[in-house]
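S.K.: Here are the chains, one letter per residue:
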Amino acid sequence: KAGVTQTPRYLIKTRGQQVTLSCSPISGHRSVSWYQQTPGQGLQFLFEYFSETQRNKGNFPGRFSGRQFSNSRSEMNVSTLELGDSALYLCASSLAPARGTYNEQFFGPGTRLTVL
Amino acid sequence: KQEVTQIPAALSVPEGENLVLNCSFTDSAIYNLQWFRQDPGKGLTSLLLIQSSQREQTSGRLNASLDKSSGRSTLYIAASQPGDSATYLCAVGGNNRLAFGKGNQVVVIP
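Sequence order for the protein chains is A and B. Position 71 of the first sequence, counted from 1, bears residue number 71 in my numbering, the numbering being contiguous throughout. Position 23 of the second sequence, counted from 1, bears residue number 23 in my numbering, the numbering being contiguous throughout.
Read the hints as simulated data drawn from the structure, not as lab findings. Glycine residues also receive a C-beta, built at the ideal position from the N, C-alpha and C atoms. Check before you lean on any hint, since a few could be wrong.
Selected chain B positions facing chain A (in silico; Cβ < 10 Å) [what the hints assert, rightly or not]:
| id | residue |
| --- | --- |
| 1 | Ile7 |
| 2 | Ala10 |
| 3 | Leu11 |
| 4 | Val13 |
| 5 | Arg55 |
Below, a list of computed lysine-lysine pairs in the DSS-like style, where the Cα atoms sit at most 30 Å apart [what the hints assert, rightly or not]:
| id | chain 1 | residue 1 | chain 2 | residue 2 |
| --- | --- | --- | --- | --- |
| 6 | B | Lys68 | B | Lys102 |
| 7 | B | Lys102 | B | Lys42 |
| 8 | B | Lys1 | B | Lys68 |
| 9 | A | Lys13 | A | Lys57 |
| 10 | A | Lys13 | B | Lys68 |
| 11 | B | Lys1 | B | Lys102 |
| 12 | B | Lys42 | B | Lys1 |
| 13 | A | Lys13 | B | Lys42 |
| 14 | A | Lys57 | B | Lys42 |
| 15 | A | Lys57 | B | Lys68 |
| 16 | B | Lys102 | A | Lys57 |
| 17 | B | Lys1 | A | Lys57 |
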């Protein structure tokens, strides 16, 4: 079974631009979560989607948004990029249990975003 | 808010020694705990998942324990090898999200 895939793997943007990252979950997984990893803050939760609905959101500004499609693929968008948005963005998928429980998360290779 | 701590941030061990990595968390109301491995510039590889009702999980040379009441988990790696050099991350699952520690960067010296 193919793992979680993320595209593109590397991106270079300039301040003020916007960017869209894509994530394809493991076949049969309906929950997709996004995380930001930086050297200073470590891994931080951005948001989680299930059945095309955002179920949970971390503490990030509104410039960070996402969506999920009917085939469970997900995209995240960052508008008006800032230097501090430079990070590794990781996507994780899991089988989606009922709300209030939590399944094993499987991560993709990440997208390395550099903002100049 | 769940806080996850991993100490020390970095450690080196000679090949063949057993590795012991510690993780502590502040809120015991968790659903599970996952240990991950991350190689430089790469994504996360899941090593072990312990459900909140379990005390430990084992896979090959790896063993992880969980003590919810004290907010602690320990990852044991037996007979370490140079290929075990990586960053090991502890993540606590709850509220449809994972809360991560900042990791233990491990170097196994041949």
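S.K.: All hints are to be evaluated individually against the structure, with a verdict given for each.
M.R.: Hint by hint, here is what the structure shows:
1. Among the interface hints, the one on Ile7/B is violated; its C-beta lies about 14 Å from the nearest C-beta in chain A, farther than the 10 Å criterion.
2. Violation of the interface hint for Ala10/B is found here, the shortest Cβ-Cβ separation to chain A being roughly 13 Å, above the 10 Å cut-off.
3. Given the 10 Å rule on beta carbons, the hint for Leu11/B is violated: about 17 Å separates it from the nearest Cβ of chain A.
4. The beta carbon of Val13/B comes no nearer than 23 Å to any beta carbon in chain A, farther than 10 Å, and the hint placing it at the interface is violated.
5. Against a cut-off of 10 Å between C-beta atoms, the interface hint on Arg55/B is violated, since the closest Cβ of chain A lies about 18 Å away.
6. Of the pairs offered as hints, the one joining Lys68/B and Lys102/B holds, with about 20 Å between alpha carbons and a cut-off of 30 Å not exceeded.
7. Proposed proximity of Lys102/B and Lys42/B is supported: the alpha carbons are some 15 Å apart, at most 30 Å.
8. Our distance criterion of 30 Å between C-alpha atoms is met by Lys1/B and Lys68/B, whose separation comes to about 16 Å.
9. Distance check on the hinted pair: Lys13/A and Lys57/A sit about 25 Å apart at the alpha-carbon level, within 30 Å; holds.
10. With a C-alpha separation of about 43 Å, the suggested pairing of Lys13/A with Lys68/B is violated against the 30 Å cut-off.
11. Taken as a hint, the Lys1/B and Lys102/B pair is honoured in the structure, with Cα atoms around 16 Å apart against an allowance of 30 Å.
12. Distance check on the hinted pair: Lys42/B and Lys1/B sit about 27 Å apart at the alpha-carbon level, within 30 Å; holds.
13. Pair hint Lys13/A plus Lys42/B holds up; C-alpha atoms about 20 Å apart against a cutoff of 30 Å.
14. A threshold of 30 Å between alpha carbons decides the hint, and for Lys57/A with Lys42/B the separation of about 24 Å falls inside it, so the pair holds.
15. For the suggested pair Lys57/A and Lys68/B, the alpha carbons sit about 25 Å apart, so the restraint of at most 30 Å is met.
16. Proximity of Lys102/B to Lys57/A is assessed by CA-CA distance (about 20 Å); at most 30 Å being required, the pair is judged to hold.
17. Simply put, Lys1/B and Lys57/A have alpha-carbon atoms about 13 Å apart, close enough for the 30 Å limit, and the pair holds.
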